[in-house]
Amino acid sequence: MSYVLNATGFAIRKNTRYAMVSGGDKHQYIYRVADMVAYLESAFGKPDKTVRNPKPSDFANMKGIVAVKGHGWSNAIGHVTLWDGARCADRCHLSDAPDNGTFIPETASIWVLR
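Going left to right, the sequence shown walks through residues 1 to 114 as UniProt numbering numbers them.
Think of the hints as simulated: they come from the structure by calculation, not from any bench.
The model shown is predicted, which means the values in this text are computed figures rather than measured ones.
Be careful, since some hints might not be right.
Said to hold, decoys possible - For lysine-lysine, the following BS3-like pairs were computed, each having C-alpha atoms within a straight-line distance of at most 30 Å: (1) K69 with K55; (2) K26 with K63; (3) K26 with K14; (4) K14 with K69; (5) K26 with K55; (6) K46 with K14; (7) K69 with K46; (8) K26 with K69; (9) K49 with K69; (10) K63 with K46; (11) K14 with K63; (12) K49 with K63; (13) K14 with K55.
Work out the full structure, taking the sequences as your base and the hints as a guide.
Below you can see the structure in the form of structure tokens.
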């Protein structure tokens with residue numbers, strides 16, 4: 001998600017509040033879900049919609065940035081990705097997604113891009 005923000009005119013500035021690294025392209029990359037969510041709230045305000053036990057239909061016809069939080073992974077608390085109104089740019093990890101493995105999504109939020 002950091003790459004997309006940096007590449008589309010929403011450059012992430014260095015900030016010690018977030019876990020980030022500097023890329024070879026001199027851009028900053030946030031690598032923790034909780035920090036990315038905090039950054040999105042700082043940059044874009046509160047999400048337009050937040051739901052529990054999130055399903056794809058909860059965000060039907062909305063386009064934006066989706067942050068899914070849950071439990072079950074040893075190395076992350078969720079995933080942040082782009083949503084086109086029907087599916088994610090990569091993996092959503094919403095409820096009942098076949099690629100969730102041990103991950104159980106609890107909430108998901110969307111920042112609608114206008």
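Hint check:
1. Annotation: proposed proximity of K69 to K55 holds, straight-line Cα distance about 13 Å (limit 30 Å).
2. Taking the CA atoms of K26 and K63, the gap is near 29 Å; set against the 30 Å cutoff, the hint holds.
3. Taken as a hint, the K26 and K14 pair is honoured in the structure, with Cα atoms around 10 Å apart against an allowance of 30 Å.
4. Of the supplied pair hints, the one linking K14 and K69 holds, its CA atoms being roughly 24 Å apart against a limit of 30 Å.
5. Annotation: proposed proximity of K26 to K55 is violated, straight-line Cα distance about 36 Å (limit 30 Å).
6. Proposed proximity of K46 and K14 is supported: the alpha carbons are some 21 Å apart, at most 30 Å.
7. Our distance criterion of 30 Å between C-alpha atoms is met by K69 and K46, whose separation comes to about 15 Å.
8. For the hint pairing K26 with K69, the CA-to-CA distance comes to about 29 Å; that is within 30 Å, so the pair holds.
9. Of the supplied pair hints, the one linking K49 and K69 holds, its CA atoms being roughly 14 Å apart against a limit of 30 Å.
10. Between the alpha carbons of K63 and K46 the distance comes to roughly 16 Å, so the proposed pair stays at or under 30 Å and holds.
11. Note on K14 and K63: the hinted pairing holds, with a Cα-Cα distance of about 27 Å set against a maximum of 30 Å.
12. Distance restraint check for K49 and K63: the Cα-Cα separation of roughly 12 Å lies within the 30 Å cut-off, and the hinted pair is therefore satisfied.
13. Taken as a hint, the K14 and K55 pair is broken in the structure, with Cα atoms around 34 Å apart against an allowance of 30 Å.
Consistency note: the structure conflicts with the earlier hints numbered 5 and 13.
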